[in-house]
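One letter stands for each residue in the lines below.
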Amino acid sequence: GAGVSQSPSNKVTEKGKDVELRCDPISGHTALYWYRQSLGQGLEFLIYFQGNSAPDKSGLPSDRFSAERTGGSVSTLTIQRTQQEDSAVYLCASSLAANTEAFFGQGTRLTVV
Amino acid sequence: GENVEQHPSTLSVQEGDSAVIKCTYSDSASNYFPWYKQELGKRPQLIIDIRSNVGEKKDQRIAVTLNKTAKHFSLHITETQPEDSAVYFCAASNDYKLSFGAGTTVTVRA
Numbered sequence: 271g272a273g274v275s276q277s278p279s280n281k282v283t284e285k286g287k288d289v290e291l292r293c294d295p296i297s298g299h300t301a302l303y304w305y306r307q308s309l310g311q312g313l314e315f316l317i318y319f320q321g322n323s324a325p326d327k328s329g330l331p332s333d334r335f336s337a338e339r340t341g342g343s344v345s346t347l348t349i350q351r352t353q354q355e356d357s358a359v360y361l362c363a364s365s366l367a368a369n370t371e372a373f374f375g376q377g378t379r380l381t382v383v
Numbered sequence: 002g003e004n005v006e007q008h009p010s011t012l013s014v015q016e017g018d019s020a021v022i023k024c025t026y027s028d029s030a031s032n033y034f035p036w037y038k039q040e041l042g043k044r045p046q047l048i049i050d051i052r053s054n055v056g057e058k059k060d061q062r063i064a065v066t067l068n069k070t071a072k073h074f075s076l077h078i079t080e081t082q083p084e085d086s087a088v089y090f091c092a093a094s095n096d097y098k099l100s101f102g103a104g105t106t107v108t109v110r111a
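Taken in order, these protein sequences are the chains called X and B.
Quick note, the first sequence lines up with residues 271 to 383 if you use our numbering.
Quick note, the second sequence lines up with residues 2 to 111 if you use our numbering.
Possibly wrong hints are sitting among the right ones.
Unchecked claim - The calculated lysine-lysine pairs, modelled on DSSO-like cross-linking and capped at a C-alpha distance of 30 Å, are:
1. X:K327 <-> X:K281
2. X:K287 <-> B:K43
3. X:K327 <-> B:K59
4. X:K285 <-> B:K43
5. B:K59 <-> B:K69
As the list claims (entries may be wrong) - In silico contact screen, one side only, chain X against chain B (beta carbon under 8 Å); selected entries:
6. Y318
7. P325
8. D326
9. F335
10. A358
11. L361
12. L366
13. A368
14. N369
15. F374
16. G375
17. Q376
18. G377
What the hints assert, rightly or not - Far from chain B, some chain X residues (derived; all Cβ distances over 12 Å):
19. P278
20. E314
21. Q320
22. S332
23. R334
24. G342
25. V344
26. Q353
27. S365
28. V382
If you are wondering where the hints come from, they were derived from the structure by calculation, not from laboratory data.
Even glycine gets a Cβ: it sits at the ideal position worked out from N, Cα and C.
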């Protein structure tokens, strides 16, 4: 694919349900980021993967949030027992290395009702 | 970890005037400083970046300056146009993860 792909584009879920958000980075990109963007707000860092190193999970807001990156490629962000405050756009980005351009996906808009 | 502060949070300029956004960073080891533009409903996209071995970089109406001693860098947009209206994010990296500023909402008045 030409760019970073995220699915689904939109997700509406009931409070208390679990959700999985998927990110397909650009092939060959070793760095992968997840950010959360609430309406009109900035980019809140969630988690960072770099190659085979242990991920930086310092931005995850609670233990309901977790992420995996399988085989150094596709990443899944899982939110358990969703709450209304989890409603936001979740953006994934990848880059060739730490100090190179990060390319963003179109985001997943999560709405918890 | 790296902490990036960005000012102002909002900026309104008359079409044709210049816009300046300033960022400071905390980690003296940071060596890569990109700027991203996010139009309403779109994903952030890189508009210009600068590395620590360069003090200034220009691309048409956009320029970025870096002061390593003071640990701050700035984005300059000259001859602003309506299509420059967007949210702009600065970021810094120290061979590790990108850390973003909080963003500046720029509005260009016709």
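Grab the minimum beta-carbon distance between X:S365 and chain B and tell me whether it stays above 12 Å. 8 Å, violated
Was X:Q320 rightly flagged as not at the interface, with every chain B Cβ beyond 12 Å? The claim breaks: X:Q320 does not keep its Cβ more than 12 Å from every Cβ of chain B (closest is about 7 Å).
So, as I understand it, the hint says X:L366 touches chain B; can you test that by seeing if any CB pair is closer than 8 Å? Constraint on X:L366 not satisfied, violated at 12 Å.
Holds or violated: X:K327 to B:K59, with C-alpha atoms at most 30 Å apart: 35 Å, violated
Taking the least C-beta to C-beta distance, is X:Q376 closer than 8 Å to chain B? 6 Å, holds
Hinted pair X:K285 and B:K43, Cα distance within 30 Å: It holds: about 27 Å lies between the C-alpha atoms, which stays within 30 Å.
Against chain B, run the beta carbon of X:G375 and see if the smallest gap drops under 8 Å. 7 Å, holds
Interface-negative label, X:V382 against chain B, beta-carbon threshold 12 Å: 20 Å, holds
For X:G342, which was marked as not at the interface, is the minimum beta-carbon distance to chain B over 12 Å? For X:G342, whose nearest Cβ neighbour in chain B is about 16 Å away, the distance exceeds 12 Å, so it holds.
A cut-off of 12 Å on Cβ-Cβ distance, and X:P278 was said to be off the interface with chain B. Does that hold? 16 Å, holds
Does X:V344 sit more than 12 Å from chain B, CB to CB? 19 Å, holds
In terms of Cβ atoms, is chain B entirely out of 12 Å range of X:E314? For X:E314, whose nearest Cβ neighbour in chain B is about 9 Å away, the distance does not exceed 12 Å, so it is violated.
In summary, the numbered hints that this structure violates are 3, 7, 9, 10, 12, 20, 21, 27.
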